[in-house]
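Chains W and E, in that order, give the protein sequences.
FYI, in the numbering used here the residues of the first sequence are 1 to 270.
FYI, in the numbering used here the residues of the second sequence are 1 to 552.
Warning: the hint list may mix true and false statements.
[What the hints assert, rightly or not] Pairwise CB distance ranges, derived in the manner of DEER restraints:
#	chain 1	residue 1	chain 2	residue 2	range
1	W	94	E	334	20 to 28 angstroms
2	W	238	E	550	42 to 50 angstroms
3	W	126	E	38	40 to 48 angstroms
4	E	94	W	229	50 to 58 angstroms
5	W	257	E	330	34 to 42 angstroms
6	W	66	E	6	31 to 39 angstroms
7	W	257	E	549	47 to 55 angstroms
Simulated from the structure, these hints should not be mistaken for lab results.
All C-beta atoms, glycine included, are put in the ideal place defined by N, C-alpha and C.
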Amino acid sequence: MQENGNNTDAGPRLAIRNLTKSFGSYKAVNDISLTIQGGEIFGFLGPNGAGKTTTIKMIAGLLKPDTGSIAINGHSLAEKPQHCKKITGYIPDRPYLYEKLTGLEFLQFMASLYQLLPEQYNKHVPHFMNLFDLTDWQNHLIESYSHGMRQKLIITAAFMLEPPLIIVDEPMVGLDPKSAKIVKELFKNHARQGRTIFLSTHSLEIAEELCDQIAIITTGRIITTGNLATLRKEAKLQDSGLEDIFLELTGAYELHEVIAALRNEHSTSQ
Amino acid sequence: MRSALLKPFWWSIKNRFLPPGKVPFKTIGAALFSLAICLVIYLLSIKVIGYFHRQNELGIILSLKIFQMAWITLFAMLIFSCMVSAVSTLFLSEDNEIIFASPSPPAEIYFMRYITTSVYTSWMMIVFSLPVFAAYGQVFQADMLYWLFLGITVAATSAIATAFGMLLTVILVTLFPARRTKDIILYLSLLFGIFIYIMFRLMRPEDLVNPDKYVQFVDYLSTISKPAGPYVPAAWAANFLSLYLLDRQIDWLLFSLIVISPFSLFFLGEWAMERMFFSGYTKSQESFGGYRSFASHLKYRLSVWQWSFSKEAKTFIRDSAEWSQLFMIGALVVVYLYNFKSLPVNRSIFEEEYVTNLISFLNIGLTGFIITSLSARFVYPSIGTEGGAFYHIRSAPISITRFLLYKFLFYAVPFTILALLLVIASDRLLNIEGPMWWFSVITTLVITWTVVAMALGFGAMHADFKAENRAAALGSMGAILYLFTAMGFQLAIIFCGALPAYRLVRNWLKGMDLLASDIAILIGWSLASLLLAAGVSLFFFRKGVKRLENFG
């Protein structure tokens with residue numbers, strides 16, 4: 001991969017303008033706009049069905065938006081899809097891997113798709129395989145891998161490319177605590193090098209720990225964007241954590257009543 | 001980049017058939033078995049074609065007419081097979097996410113899918129047809145050039161079918177505003193039905209034994225070099241090779257058409273892909289939204305079999321890629337029966353009853369072949385398509401034997417109806433009465449139940465719960481072994497049944513009683529067939545159960 005985080009492409013790392021996507025009469029993403037700079041870890045939060053994965057798929061070039069534009073490093077995704085994809089790594093929530101390939105064969109395949117230079121491949125692959133304890137498994141067929149191992153392999157495939165932008169959909173699912181810690185450090189390190197992580201997650205702890213900026217999306221619309229301090233101010237919860245802020249902003253405040261009702265039900269049944 | 005995209009395909013094949021660090025006994029066994037089957041097809045074809053060839057000029061023409069029909073059938077099946085799998089490989093393949101998120105241009109993705117679809121859909125047709133076409137070369141004492149032309153025409157026909165199927169798929173998926181992309185197969189199946197119907201009508205098989213045509217034999221001989229279906233690439237191939245076999249003449253126009261068409265269609269497909277793929281692919285993802293709702297009409301009852309049947313039926317009916325193929329089966333039945341209706345048996349040079357009874361006997365094998373093919377399509381993958389959800393069955397208090405038995409009953413019923421429809425309707429059209437009617441119906445039933453049980457057994461033994469798509473499951477080692485074993489079983493039953501059937505029908509037609517030796521042969525064959533059927537069914541069924549019980 002020739003491009004890296006220090007390239008001179010103009011414009012913000014990721015610029016989304018008035019993006020809309022409907023499935024039939026259902027508006028999954030409704031006129032959202034975002035600007036993300038290099039060196040940021042950007043958290044994209046929202047309840048189930050809020051439009052997170054649809055947005056991510058549009059940024060990864062997997063779904064065609066109805067209206068709006070996406071630009072990566074100043075290049076329009078619609079006009080220069082190959083260029084934009086080359087500088088973007090994508091880690092899906094349910095990583096599809098070729099069952100009949102070995103881990104190493106899969107990485108070789110991904111490296112060749114992104115035209116990764118051999119010296120970079122030789123430098124990064126042993127490093128990440130070792131980091132994720134996959135070295136002993138690299139010549140085994142992927143069909144024998146556990147869910148966590150598959151997740152680690154797809155994360156390796158994205159990070160070995162050193163792309164300026166990595167889009168991640170639910171990164172920690174299936175990872176053991178050690179691997180989860182390593183992934184968090186990888187994200188931070190990636191951002192320190194001036195690159196960007198666009199992170200969609202349900203885990204508020206991860207978002208709170210990692211993200212410089214957070215956007216909360218619900219029913220296809222972004223209801224707020226900013227750092228934790230901005231979100232606190234918006235939710236009028238000055239000393240609260242992200243969980244309370246999230247619940248307040250996404251309208252899940254009735255949750256307290258539900259919990260109380262469940263507790264009541266439990267005590268009467270006893 | 002083009003070669004990079006093909007890496008998973010080649011490496012998967014290598015790892016599947018030549019597992020690293022292991023002696024590939026399974027692959028060697030399957031290869032030897034396939035070779036043996038090809039050899040049997042080759043030798044049988046030489047016998048049949050040689051018989052025609054030795055008769056007179058009419059025999060030669062008849063054999064070449066069969067040659068043309070074989071080509072057109074091959075082509076039609078290739079197109080259908082390709083269209084069905086092109087939707088899966090182009091738009092629904094699970095690896096689309098990583099392939100399409102990578103900086104690969106659509107044209108290169110098209111090339112990769114073109115190659116993989118060609119291999120998945122063509123290999124079986126080619127393996128089965130090559131021995132037949134080779135036998136023609138042998139009987140007609142063709143020189144080296146024929147073998148070269150044969151290789152080129154087979155490869156070109158397969159390439160044309162794939163390119164045409166994919167081009168049509170890309171266009172249709174983009175044009176139809178269907179959210180559920182799989183529904184497109186419905187239209188493709190209907191188109192295929194119409195296509196195959198037209199193809200068979202073009203051949204006019206009834207003209208082969210029309211005495212009026214015999215008078216014009218010389219004219220017929222001279223016109224055989226002209227394309228029978230001028231717009232059908234398979235007819236170009238058939239006519240080109242027929243002419244070469246007959247007169248050692250090369251029709252360069254036909255040859256040019258055969259060679260240029262695959263490239264033209266490929267580039268058209270690539271052009272369509274570059275312009276239309278993204279919209280089509282986006283639509284195909286929208287189909288996963290699940291905007292349909294289904295009200296349950298069944299009240300809960302404590303009945304495992306009822307819910308097993310209900311689950312099977314609902315998953316089948318709600319998957320449009322599955323149920324829409326019923327249209328294809330419908331078209332197949334119509335064309336199949338139409339052929340019997342069109343047979344001019346009354347103009348045959350042999351006694352009509354003998355001819356119709358012989359056709360009825362051979363029809364058992366044809367029906368069996370159709371049932372086997374459909375079992376490979378629907379029954380064999382039915383275990384693997386349980387997918388990740390199979391752990392529910394494993395962890396539930398139901399034995400695997402019972403689970404498989406319910407599956408067997410679920411599939412045995414429609415397959416029995418279809419088999420009976422095919423055999424009874426064709427017997428009716430042939431005016432078959434008496435012993436051959438019973439013989440054909442009972443033998444067909446035994447074959448149907450056995451091949452369905454075998455499909456389940458093989459499907460369980462080789463269940464691939466992570467199959468990339470159904471096309472991949474059909475091209476698996478297990479599916480190949482199933483097809484060969486099921487066909488071997490049918491050949492054994494039919495081959496051994498020829499003598500008792502012949503004596504039974506001969507005596508009935510002549511109004512004579514059966515001799516004791518005839519009865520002994522009939523009973524012996526019946527018992528042996530039933531034992532063989534029960535034996536192979538139980539053997540593979542149990543092997544399947546064992547494999548699933550030990551599945552980790």
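C-beta pair residue 66 of chain W, residue 6 of chain E: status relative to the range 31 to 39 angstroms that was hinted
holds (34 angstroms)
Could one say that the CB atoms of residue 94 of chain W and residue 334 of chain E fall in the range 20 to 28 angstroms?
violated (42 angstroms)
50 to 58 angstroms was suggested as the range; check whether the CB atoms of residue 94 of chain E and residue 229 of chain W agree with it.
violated (42 angstroms)
When you take the CB atoms of residue 257 of chain W and residue 330 of chain E, is the distance between them in 34 to 42 angstroms?
violated (56 angstroms)
Cβ separation of residue 238 of chain W and residue 550 of chain E, checked against the hinted range 42 to 50 angstroms:
violated (60 angstroms)
Residue 549 of chain E and residue 257 of chain W - C-beta distance against the hinted 47 to 55 angstroms:
Between residue 257 of chain W and residue 549 of chain E, where Cβ atoms are some 49 angstroms apart, the hint holds.
Could you say whether the range 40 to 48 angstroms given as a hint is met by the Cβ separation of residue 126 of chain W and residue 38 of chain E?
Given range 40 to 48 angstroms: holds, Cβ gap about 46 angstroms.
In terms of the numbered hints stated before, the structure departs from hints 1, 2, 4 and 5, listed from lowest to highest.
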